[in-house]
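Line order of the protein sequences matches chains E and F.
All the letters of the first sequence, read from the start, carry residue numbers 1 to 181 under my numbering.
All the letters of the second sequence, read from the start, carry residue numbers 1 to 250 under my numbering.
By construction, these hints were calculated from the structure, which means they are not laboratory data.
Mixed in with the good hints there might be a few duds.
[What the hints assert, rightly or not] In silico lysine-lysine, DSS-like type, Cα no more than 30 Å apart, as pairs:
1. F/231 with E/3
2. E/38 with E/156
3. E/3 with F/132
4. F/29 with E/38
5. E/178 with E/38
6. F/73 with F/54
7. F/59 with F/29
8. E/178 with E/3
9. E/8 with F/73
10. F/29 with F/54
11. E/98 with E/118
12. E/8 with E/178
Note that this is a predicted model, so its numbers are computed, not measured.
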Amino acid sequence: MQKLGDFKLPHFFNYPPYFTLQPVRDTREKQIQVQLWKELILDYCKTQKIFVIGLEEEFPLFTNHVIERSLTHEARATFLSALVSEGRAEWMDKGHRKCLILWHRIQDWADILIQFAKDNGLEDGVVTIEEIRSGTESQGTELHGIDRTILNRALKLLEQKGKLVVFKGASTDDEGVKFSL
Amino acid sequence: MRRRPGIGGLQTHAAARDQFRLLGENVAKIRTDLMKEQLATFRSQLEDFARKHKNDIRKNPAFRSQFHEMCAKVGVDPLASNKGFWAELLGIGDFYYELGVQIVDICLATRAHNGGLINLQELCHLLRQRRKSDRGVVSEDDCLRAISKLKVLGSGFEVISVGKKKLVRSVPTELNKDHNEILELAQAQGFVTVDEVERRLSWSSGRAVDALDTLLDEGLAMIDDGHRDGKRRYWFPCVSPISSLVGVDS
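Please model the complete structure; the sequences and the hints are all you need to start from.
Shown next as structure tokens:
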């Protein structure tokens, strides 16, 4: 099985026609859905902790050098749009050039944050944003290295539910969170 | 018999003919009876044989295949019903029933990839993978027998020949001769181009495109526009080797 670094690539990745957007509707659906491109993109991003995909950039999944095939811009846009319509991704710009990948949905991230607070005795505590993203407590958890946009969205969601309050410090580094679980 | 003149002669002749006819019928009946008796003997000997070699039949596909041939000659079908002597003795009904179920499973699982047409070799390979080593070897002959039993399910389970290979069809798609020839051509590299089809089969462009479009619509072909020579390739998952398979990791 071919690998991208540590990541095991599925068999279909080596079959040239999967790199061409299929014209027949049923075939195209199978190409995108059903554990093919959609799942592959989500899985890969999850294991590699990739949060943003730039359509015009060198994203490893868009090209298979072994079989010399590359996804056209249209194909990339189509696959990512499929993720967007299922709430597993969001376009970050009007031109659809950058895509935020939600391999965990915002709600899932919110749940992970709550669990993090409980695990670290922070039900009533205070922690900085940076500590959440790169502190010792977050090491080994999914929160480590989380994208700022996503984190902010999850925090906002929890704030609306009254689970925490976000406060700004003197500088960006001082932004913090007070939990009230 | 010499004919005597006159009415008497005619009557004798008729009587003689009747007698010959009766004799003929008797002989025929004796022959049939004899044959029936021989057949019955043969059948009971076959049953003895089956009893004695039950394990071999279960475990050895070559043996199993020859056993089936012997049965066929005698007009016995061990798979005809799931009850009765044969099923109980050999559990063979179960064996093929189980095989049939697994074959249907595999065909369904791979349908998204190959459009409902799968290479017999590949099917057997996947079958063996799924069964691992605890049930004895499964041969292509076994697969074919199980599939012939599946035909009663209707919905198009059938084995078709394309060139030297056999493909198992699990969808009601009708393949005509043109489609068949394209599939055979595709066996070499897994794909064809319109040019190649026109050239190798001496077809008009229209004919080639029509046939390929149908195969595309039926989900049996996928297009590939990514080669640097810019030529569109039509790939056929059903003729491609196992390593390009998707979705059947067991």
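Evaluation of the provided hints:
no.	hint	in the structure
1	F/231 with E/3	holds (28 Å)
2	E/38 with E/156	holds (28 Å)
3	E/3 with F/132	holds (26 Å)
4	F/29 with E/38	violated (74 Å)
5	E/178 with E/38	violated (37 Å)
6	F/73 with F/54	holds (19 Å)
7	F/59 with F/29	violated (42 Å)
8	E/178 with E/3	violated (43 Å)
9	E/8 with F/73	violated (52 Å)
10	F/29 with F/54	violated (36 Å)
11	E/98 with E/118	violated (34 Å)
12	E/8 with E/178	violated (40 Å)
Violated hints for the displayed structure, listed by number in ascending order: 4, 5, 7, 8, 9, 10, 11, 12.
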